[in-house]
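Colleague: If you want the building blocks of each chain, they are given just below.
Protein chains: 2
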Amino acid sequence: MPDIDSANHDAASRMMAARPILKGVARASDVIPEFGERMLLHAGPPIEWERMSGPLKGAVIGAAIFEGWAQSEAGAIILAERGEISFDPCHHHRSVGPMAGVTSPSMKVYVVENETHGNVAYSNLNEGYGKVLRYGAYAPEVLEKLHWMNDEMAPLLAAAIEEAGGVDLRALLAEALHMGDEGHNRNKAGSILFLKALAPAIAKVATDRKTEEDVLRFLGDNALSVLNPVMAACKAMADAAHGVSSSTLVTAMARNGTDFGIRVSGLGDEWFVAPAETPDGLYFSGFSSIDANADIGDSTITETVGIGGFAMAAAPAIVSFISGTPKDALDTTLEMYEICFAEHGHFTIPVLDFRGTPTGIDVRRVVELGITPRINTGIAHKEAGVGQVGAGLVRPPIEIFERALVAYAERYAL
Amino acid sequence: MPDIDSANHDAASRMMAARPILKGVARASDVIPEFGERMLLHAGPPIEWERMSGPLKGAVIGAAIFEGWAQSEAGAIILAERGEISFDPCHHHRSVGPMAGVTSPSMKVYVVENETHGNVAYSNLNEGYGKVLRYGAYAPEVLEKLHWMNDEMAPLLAAAIEEAGGVDLRALLAEALHMGDEGHNRNKAGSILFLKALAPAIAKVATDRKTEEDVLRFLGDNALSVLNPVMAACKAMADAAHGVSSSTLVTAMARNGTDFGIRVSGLGDEWFVAPAETPDGLYFSGFSSIDANADIGDSTITETVGIGGFAMAAAPAIVSFISGTPKDALDTTLEMYEICFAEHGHFTIPVLDFRGTPTGIDVRRVVELGITPRINTGIAHKEAGVGQVGAGLVRPPIEIFERALVAYAERYAL
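Note that the protein sequences, when read in sequence, are chains A and B.
To get the working numbering, take the position in the first sequence, counting from 1, and add 138.
To get the working numbering, take the position in the second sequence, counting from 1, and add 138.
It is possible that some hints are incorrect.
Note: identical chains are not told apart, hence a pair may lie in one copy or across any two.
Cross-link-like lysine-lysine pairs, in silico, BS3-like; alpha carbons within 27 Å at most [as the list claims (entries may be wrong)]: (1) Lys-283 x Lys-520; (2) Lys-348 x Lys-465; (3) Lys-161 x Lys-520; (4) Lys-465 x Lys-520; (5) Lys-348 x Lys-161; (6) Lys-283 x Lys-465.
Simulated from the structure, these hints should not be mistaken for laboratory data.
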């Protein structure tokens, strides 16, 4: 009989002791050498082209054009249909990406190192709001912005991060949670803390005045600037907790727009998968729930480590974006304590008397109580090429936790 | 019989309709032409040298050396004792200053214009934490920093604000209140929103790379950067509500370290004054309540217009700085609704279901209920030359509201 509580204590302690530092920006294929020719990473558990939802297909089309593998939507689709593009989850490569999460070999990624345990994680650059690749848009202006980010912004950020000696993302997140962020769907404070951390270094190392000005504006005006470094930080924290024998704690939750998958610390690299739900929320003008794609993205790595939806009590203003009332935000956090093993030692919520956020989802409790995690998310249009249509809340299907528990019982011969 | 409610409605509406825009940075004597030779502005109601407290005397000494009127502490004291320096409240010159509030003719000030009603207000530049003039310190490094701010930072800020087309401080404050600030003692979010607003323009107009880097760092690392522009914005809003015949709303609360004074909209420029209380709060290492000076500063202009202590429910994390619990912060705001005439139309508190902050202190209610305003403040050492020793809460003496009400009854022959 495994000592599950002891294993979970180890896993949760490792998750919270992890200290992710943003170390730099690099070309994806340089830091992820297993990147194959014409290979793309995507959010969520594994999926083949045929089963991909509209926004993921749209991001694949855009990435194929971005890489120069195709010149048009039609050309990109032919490549994908012929199997000439290979696909692998970001999560299989120490990486995470919001929404479609599509990361191609020449895209720049943030490099985050967990200084406590030495593991590394990556995430692509955030494009801001509007028509963006991660929501499945691939119009010329989407790709133009991606090229600017990759060729102009990324080198300046790389130099500035080095000049600044890195950015302590756990400290940044802890502070942002005291400034009305929950770290997933609301990163207003975190993004300007990120700007604040880098601005002097950007001024020092910039060689082109216009790029400097544009990057300072882009980082400051994009209230999601820090989401991707934060997600890489969360991945580094979650990975630190993965692989603890006998632990029932969830170490990954991710959606590819078709399926929702989880991984469990004591169950190796197996994904437990079921069809993803469609989020409920508020829609941008001109859109409604009939436009919504099923839940998509690796950004649930935030909830996996105790922030995002789990920290919504810290972010009451978010309800104007995702629907609901400040009381709902508070109740969401309180409910999550029911299914979590620990309270975070670094991430605290002022209105709850600085109580640590609910951290470390225990599949036993999820199944026993019938309470699934609450996830705070953007909503993508279900068709390729459109983009974001709203934001709201969603839960994973409970079957994946049940399946994980069955697998656990088999694996540990309970 | 005056229609008091109608007058208060007018005054509160003017206060909330005011739209203060940061327009620039100028030399104080250029925008305040009534600045006399060897004249200093100070916080609070009028006071002569002999009755000034330690921190105000310290700031006067520092300003006299800063201006070159004296070469030493002893020389500055002789000038002051001989009556060769004249003193006038900031409030008499459309101006406000935190803590000692000492503003000398050559100091640079923020220029804020209320675009709704056309009135203008000023405040000096914020020096950050540590040994600073506004807390009565005047060591060489204090004056050196002031010279850098005045000669290097101010011209760059002036050019950047012009390039940016001004900064909408009401919008900034509204956003900061959704990010855990209360706008007086906690301006963490506001200060980096200020950095965000100016950073691209700073990059565009800076002519010296080192100054640019230093200014971006100074603005970002000083969690009070925006306090002084915010105070000038509050002064512009309060002044818009001043002079409404029959109104019983408070349009200024200010302390000079010895006395606490208020002005009332319908009672002209008369100050109602009584000895200031000493704040209760948390002290920095090595200091205690025996070191504390009485309440000092014009920063109570924030509470006067519905933020600061009145908006503490928006800023639960502040209790780690000023003492108390998040519940106390909430209760402080709830109590202030009892004595306020209105709820702010622009400044809202997410956790209270986006209720407007309590705005427009009604002297009638203060006296009737025996509830005085709650003020969130820094604490200065009582001796000249030391600086800040803590932060906490304080209330004005109730006598000044009683006296104002008596004066009101006489004035309006009630």
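Colleague: Determine for every hint whether it applies to the structure shown.
Modeller: Going down the list of hints, with the structure as the test:
Within a single copy, Lys-283 and Lys-520 get their C-alpha atoms as close as 22 Å, which meets the 27 Å cut-off; across copies the closest is 57 Å, which misses it. Taking CA atoms no more than 27 Å apart as the test, Lys-348 paired with Lys-465 passes in neither setting, with 45 Å inside one copy and 48 Å between copies. In this homomeric assembly, Lys-161 and Lys-520 never come within 27 Å of each other (Cα to Cα): the closest approach is 35 Å inside a single copy and 46 Å across copies. In this assembly of identical chains, the alpha carbons of Lys-465 and Lys-520 never lie at most 27 Å apart, being 31 Å within a copy and 44 Å across copies at closest.
For the homomeric pair Lys-348 and Lys-161, the shortest alpha-carbon distances inside one copy (25 Å) and between copies (24 Å) are both at most 27 Å. Taking the shortest alpha-carbon separations for Lys-283 and Lys-465, neither the intra-copy value of 39 Å nor the inter-copy value of 46 Å comes in at or below 27 Å.
Hint violations for this structure: numbers 2, 3, 4, 6, all remaining hints satisfied.
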